[in-house]
Structures are given as C-alpha cells and as structure tokens.
Amino acid sequence: MLTIDGKEVDFKKGATVLEVAVDNGIYIPTLCAYSGLLPFGACRLCLVKIENMRGFPPACTTPAAKGMKITTNDPELNKLRKNVLELILSEHPHSCIICDQKELCSHYHICPTKTGHVTGCAFCPNKDRCELKQVTEYLGVKEIRFPFTYKNLPLEREDPFFDRDYNLCVLCGRCVRVCQEIRGIGAISLTKRGHDTKVGTAFGKSHLDGGCQFCGACVDACPTGALSARGSKWHGVPDKETTTTCALCSVGCSLKLETKWDKIMAVRPDTEGPANQGQACVRGRFAIPALVNSANRLKYPLVRRNGRLVPVTWDEATELAAVKLGKYLPEETAFLASPCLTNEAAYLLQKFARICIGTNNIDTASFFSGTVIESQIKRSGMGAGTGTIEDIAKSGWIIIIGDDLLASHPVLTVKVNQARKQGAAVSLIGSEREINSRLVDFCISVEPSGYFPLLSGILKIIVENGGFDKKFVAGQCNDFDKLKSSLKKIDIKTIAGACGISRDLIEKLASTIISSGRGSILYGPKILECDDPGQIIDLLFNILLLSGNAEGLIPLRDEANSQGVGDMGALPNFLPGYQYIADKDSLAVFENSWSAKLPGKPGLSYPEILNSAVKGSIKVLYVTGGGIPREISTEGLDFLVLHDIYPSPLFETADIVFPAAAFTEEEGTITSLERRVQPLHAGVNPVGISMPDWKIICKIAEKMNAKGFEFSNASEVFDEICRVNPLISGHGIWDLKLKDKFTLTPVKKTARSKKSMLYEKSFWHYRGIDLTEKVSDLKILHGKIAGG
Amino acid sequence: MKNTIKDIIKPYQGEKGSLIPILQAVQEKTGFISEDAVSTIALSLNMSEHEIYGVATFYTQFRYTKPGDHMVKVCLGTACHVRGGEQLLNRTENILNIKPGQTTPDSAFSLERVACMGCCALAPVIVVDDKIYPNVTSPKVEKIISKYSSPDEKE
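Sequence lines, in order, name chains S and Z.
Take any residue in the first sequence, count from 1 to its spot, add 331: that is its number in our numbering.
Take any residue in the second sequence, count from 1 to its spot, add 35: that is its number in our numbering.
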C-alpha cells in the first residue's frame, strides 16, 4: 500500500514508482523508460516528489515501497521537468515541436522533400508519432531559452533497411538497450561521453559489418525520428492498421500492417502478439511491402494456348481445370499442398482431392514436414512438437540443433535470451557463425553426420551417471532397460573422436542437462542430412524424457503453416486431425460428415509424387505455390495446375496458373510451430483479380458440381474445420493430450538410408519464392550471413 | 598480436567486471586499443565489440591509434590555461600538423591535451614523454619539438 497523488493503491513487489503510476492510470512524462527494458534513468523527465526522500527521485528507477507518499504533478515538478525538456530540446531540431502555428500545419501541408537532413519543420520522418512532441505538449513548453545547437552529424544511410540521423537523437538509450537486453545482439552502443556521446558502433563500422540483424527493434524503440525505416519514412500516418499473423516463418509473430491507398506501406510488430510480444525480424519488419507490392505479382488467371500462357477470366480457367481434372483416373492425379497455405485452403484442398478426385495423393510440399510428422506421431500421437514458445523462456536448459536460429527464426532467440538471463544453459549444435557464440553458452560445431554419435554419447552419460529424473522415468517411461542396454556398446572416446570435440565438452553438456531441470530442445531441418533423421528425433525425445519432462520438443519448421497444413489432413495417410485413413472407423466418420465416399488407400508421399511425376505414372499435378526441387522435371506431366503469387520456374510447363492472394490480402488462420492457431486479416485487397487459395478451390469444385464447397467466406470454412477436426476448436494453442506413458527408444546403429532427393536449403522463402530476389536489401544481408 | 592479447586476458578469464583492467593491460602492452584487440576481448568475455568500444571510449585514457615514438602532452589545466596553454597547443598543432589524439604520419609524435600535471607553479607546461618543460612560450615549442625529431628529418 502506498499513496500516489492522494490515492491509496496496492503495488506488486519489485515495481518501480513509474510502473505503479502507469498501472493506476497516472501519466508521468518520460522518454527513456520502455516496456521490457530495465530502468535506466537517462532523461530525468519523470522526477517526482516522495515524502521523506531527499531531492526529486526519478520515478523510473525508484522502487516502490510500503507507505510512500508520492506526488507526481505539481507546479514545482513541472518547472523542473520543463527545464530538463528545454535542455533536451536545445540539441534537438524543434521547429516542428515549438511553433505557435503548428495547428495550421495540416491545412498548408507542403510536400516533404527527401533531403537528408532534418532541420525545418516538415522534414522529420517521425513528425506524426513523435514522443518528444507529446511530452512537450503535456508540459506546455512554449519557448526554449537556451541557444539551439545543431550537432551537424553526417546522415548514416549506407546500411540496408533503415536510415540513421543522430542529429535527432536525444540519447534515451532505448535502441541500445533493446538491442542488448531483449535481442541479445548488442550491435550498437553509446560511445564516447559528454557532448560527444553518440549511438554508434565499434570504430564506426557499418551495422552490416557490426553484426546487426536488422530486426528493426531499435527503430520501433526510437521516440524521435533518429531511426527510420527507409521504405516508409515519408508516408506519414497510415489510413488503416490491420493486425495479422506473419507468414514468412513458423514462429507466428503478430504484426500490424499499416496501409495507405490500399497498399502495405509499413509493418510493425504487435506488442500484444502472444509469440513475439512486440518483437519482429528483418523479414516481418522490413521485407513484406516489397514482397507483396511488386508489379510482377500475378493478377489474372492464365491458360496455356498454342504454347503460351494467356490471361483469361476466372470462369474460363476454372471450367478448363474442372474438365481436365475430371478426365484422369484418381491414381494419376496428385496434389502438393504448399506449407504456406492457410488452414482453410489446406483443408479444402485435401477435401477436394479426396471427394472430387477420389485420391489420397496429397502431401505437404516439404521434406522436413514428412519426416518430422512421422516421428512426431510415433512419439506423441500427433504430428506436432510437444513444446510451446513460452516453454523456451522458462527452460533451465536449451539445446538448439540443426538450424541457424538467428537467421531462420530470429524472434525465438529473444526467448532463448530471456531464458539465458535467468540462468539457462544454452547449447547450439551445428552452426559456426561467430555471433552465435555470444548468444549461447556451448557452441558445438558438428556436421549433421556427427549428431547421432554426439547425442547418443550425451544419452549414455546421462543414463550411466544416474543423475536423471528417476521418479519420472520409473513412473511414466517404458523400456528404460532396453535403452540402457542399447547404450552399453557406445564408447565416449570414439564418439568424441567421430565428432571432433572433446570428451569434456560432452560430459559438461550432459551434466548441465541433468542439473538444470526442465528443458527445451529446438531441432531444425539440418537433421535431414543425418543418416536417419527419425532416430535423431528419438534421441532428442529420450534426452527430454530423462530430464523428467515430455514437453519442450519444438520443431523449427521452415514454412509458416507446415503445422496447420498437416493438422488439416493434407497428408497422404491421414485425415484431418491425424486420423489414419487405414482406420475404417475414422474414415466412416469423415464420410458421414462430408456425405461423400472417400478413398481408403493411403496415397503417395511428397518424394513419391515427384518421382512418379518424372516416371509418368502421375499425369496431373496440382501445385499450390511453393517450389519443387529444381532437378525434378515436370515435362512428363499431361497437365499441371498452379496456384502462385509470382511467376515461378514451373511457369514453363504449367497449363493453368491461378493468381493467388498473398497472406496480407486474405482472411483465414495459420498454425505456428507451437500449435497456435492464429488469424490472418486482410490489410489490403488482392492484387488484380487474384483470389485467396481456398476460394479458387471452391470455384473449381463448383464447376465439377461437387457438394460441400459452398462457402462465402473463410470463417465459414474455419467453422467446418472446428466441427470435423477434433484438434481444432478455435484460435489459440490446440491441446496435444499427451499420453501418461512414454516409450524410451533404444539406440541402434543404422545403415545409411538411401536418400532419394536432397533437402533443398530453404532460407527466407515464401511460397517457394526466394525473398532475397524480391527485396534487394535482404540480399545484401543474406550475403553477409551466408558469407560469414 | 592476437596471442599477446590472449595472454593478457588469461588471468581475468570468466571474471565479471574485468573489462577495464583488461583494456588497461592491453594498452600498456601494445600502446593502444586496436580493432583486433577489441574483437578478441569481445569473444573471450562474451560481450559485443560495440559494448566494449562504448565502455572504452567513455574513458579518455584509452587510445585507438598506434602512438608515436614521442608523446607530447600540452597542459590545459586551470593554471596553464590562464597562462596561455591554449596558444601553446595551437602552436604545437601547427608544428606537428596534427590535432590532439592524433599521431604524425611518420609515427614520430603523438599529441595530447591534458588537464593538469600537478606542477601548476611551473605553468604553462609541456610534457614530452616523461620530461616536463616549465614556463614554455610559443617560440620555445619549436625548440622542444626539434630536440626529439630524428637527425635526418632536421636536414
């Protein structure tokens, strides 16, 4: 209990005076306090009076205590704050802030020029959301008694994505702290001191050379126009803001699309996003406008006539597709569901394949999904990982294996960083980038072929030292003895030699796992380069179980909706909700709810479909965006249907191309790697006459006179999904319903499995499009990351 | 170079708050804080090089360029300032053709401005290496500098 402005209020232990004030709806002006960051006390605007305390303590750094009597606003405080603000403004161009004519500004809005330096009133890129202006208005500062000093620093524009004009910087340190404390990168810092203080890099290096990941967190934190996103700095206030989910990777960040004139002009992370909490990465923050606004987007349905693709109407194109698809036998037709489809589109695609064509030849177009889903079903009964993103932050230990997390899922590193701050030991198995070594405790550089020996070595030490969670293993795990005996033959010394690391390191790793309680394991697509990827997942799950916990296994899927497309049953052997097709009962349930006859024989998997397409046993291929490996020839096909948002390599052979809407233009849902079903909301209309994927499928089904595709909007489709799919009941994380008993899988030597096709490294893709080809600045950054 | 720095860091390994002693030791051994040194320290302390640079530049004691053979310090403490230290500094800058904190291209001299050498009775003073020159006047600056110039340069 304390008193603030005469009001008696309760407070949480550890809260600062500023936090107590904010919680109780009291505004205290501040520039340097920022949610999620530690108190800093740089701007001195939040000075308050506290009875029996000397002077004027800053609210942001003073911990609230019992019985405090706080005054946040009186003439004396305001006078002090005004003086402080005047000093800040004496070094910040302020003609736009202190101007008695500023109310008239919008009437005489002049066209802002794109000159670099901000000196006059109309030239600040941040003039519409300036925090300095808000504070000035609150304090009522009308003139500044001190002479104005322009710092005259050069404008920094040589790095991709954002510009820096430190003449506008007020040295609140928010950018530096957000980079250091939240992102864990520390690509900038406050250099020098006194008048010469400036946010900068070591020896004035460029951000690109200094390890910046261009996540844009600093731009979002900046209260002034010092940092501004280059693509959108002159666009001003958006017409509309739409909260949607990012579909450029599988983390499921919530983003705000800012639109003007029906174009996406900027994207900012949503502070309420359950997965990202106000954070984003370079793709979500900067790449989306260039990706979806390009003039090369497909706008009209195209049909091949006399060897050339020509634009036609929807009626014509769908009619042709319906006729052609109806001509072939079910077993000659196959569907590839892009892992970027919405749940609605994936659901309808598999329904279409099963009802209208009568085939189960449908699979998610990703090698990673196939292998992962199989092993996951073996482990947990469902094709999903067992962990959530929140689990990562709470972990006592974390293993990241087979992915460069910082490049592939940057927002997850925020959670890893959070866990690490609370004492979690983080091990990275795989990548050699120097910057990674700062983000983790153990950086173990091992090729994928070394994953198996390394993990079995860790397992052996855990089992033999006996430090594992015996209660959990005895109560909830089967086959411990089998596992133990299978580990007997393993020799740590040979293993250390095989992976080229020291025995000490393996032992250290094992002992941190044993001693740090609950953990998380994040595994990425590089495990596909191992001899037996399934067994790697088995080993990882064993390690997790021995630490006394089944939750926490997280697949780092590459594409946005790999999870959802599988959940929706776009798989050759599963109906929606991972119900076996071979199981007569579940087939009957779906036949009943769809009132149609369904094929009972499992279909071909993704690699099998591709192989059969080459051999000629598949004659019709229906591809919904997403590339297929370059070495696969589609020339043997009779008919190729394509959904795409850009012209792609498959254009040379496609017979019909349907223009699809990008994720920023459609309604629907996608499911992230933590099984969280999240909504997509359209920020703008689809370009040209393109349509969301689910609508295209409905249109073709309509032409084929099929029943069960009469939907007028995406939420009707989602309602049907909730009805028929036992996993999905609405938005949010769907319940995995883990069993009470788990099986520890014994380790066995595996023969090298035959690989039909190599996993194609997908790094920054959307629907098979290489993002770096569409966003030139991204290419520069990619080159930097790939080149070391 | 890298190895010397590694040797310097060794005793401090894993100690929190050891950055400044390390920086001081590096400067003492190698004369300045190089880019290489910062990145080596960064790796071993698990910090970003920018953070280290930020800490180092806060203190005026660290230098980032290789110092010259002779260090010329011009005092601008209160007493020296009153007795014309500013003019001495200007004169020295003109003779050496460098600004404070810089080194001549031939690496012969580095120039620094300091605030009080603790011998205000002798103001204004110039200190070259460890020798203090008292009651310096503008014409004297040239003489003092020329004492340290190498013989072939004089001709």
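Read the hints as simulated data drawn from the structure, not as lab findings.
Treat the hints with care, since some could be wrong.
Just a few of them, taken from the derived set where beta-carbon distance is under 10 Å, the chain Z residues facing chain S [claimed, not checked]: (1) Val73; (2) Tyr88; (3) Asp141.
Partial chain S-side listing against chain Z, Cβ under 8 Å, derived [claimed, not checked]: (4) Ala518; (5) Lys523; (6) Leu539; (7) Pro980.
Fair warning: this is a prediction, and the values are worked out from it, not measured in the lab.
Glycine is no exception: its CB is placed at the ideal position from the N, C-alpha and C atoms.
Quick rundown of the hints versus the structure:
1. Because the smallest distance between the Cβ of valine 73 (chain Z) and any Cβ of chain S comes to about 6 Å, under 10 Å, the interface hint for this residue holds.
2. This hint holds: tyrosine 88 (chain Z) has a C-beta 4 Å from the nearest C-beta of chain S, less than the 10 Å allowed.
3. For aspartate 141 (chain Z), the shortest C-beta to C-beta distance to chain S is roughly 23 Å, which exceeds 10 Å, and the interface hint is violated.
4. Because the closest C-beta pair between alanine 518 (chain S) and chain Z is about 6 Å apart, less than 8 Å, the hint holds.
5. For lysine 523 (chain S), the interface hint holds, since its Cβ comes within 8 Å of a Cβ in chain Z; the closest pair sits about 5 Å apart.
6. For the restraint placing leucine 539 (chain S) at the interface with chain Z, the shortest Cβ-Cβ distance is roughly 13 Å, beyond the 8 Å limit, so the hint is violated.
7. With a cut of 8 Å, the hint placing proline 980 (chain S) at the interface with chain Z is violated, because the nearest CB-to-CB distance is about 41 Å.
The earlier numbered hints that this structure contradicts are 3, 6, 7.
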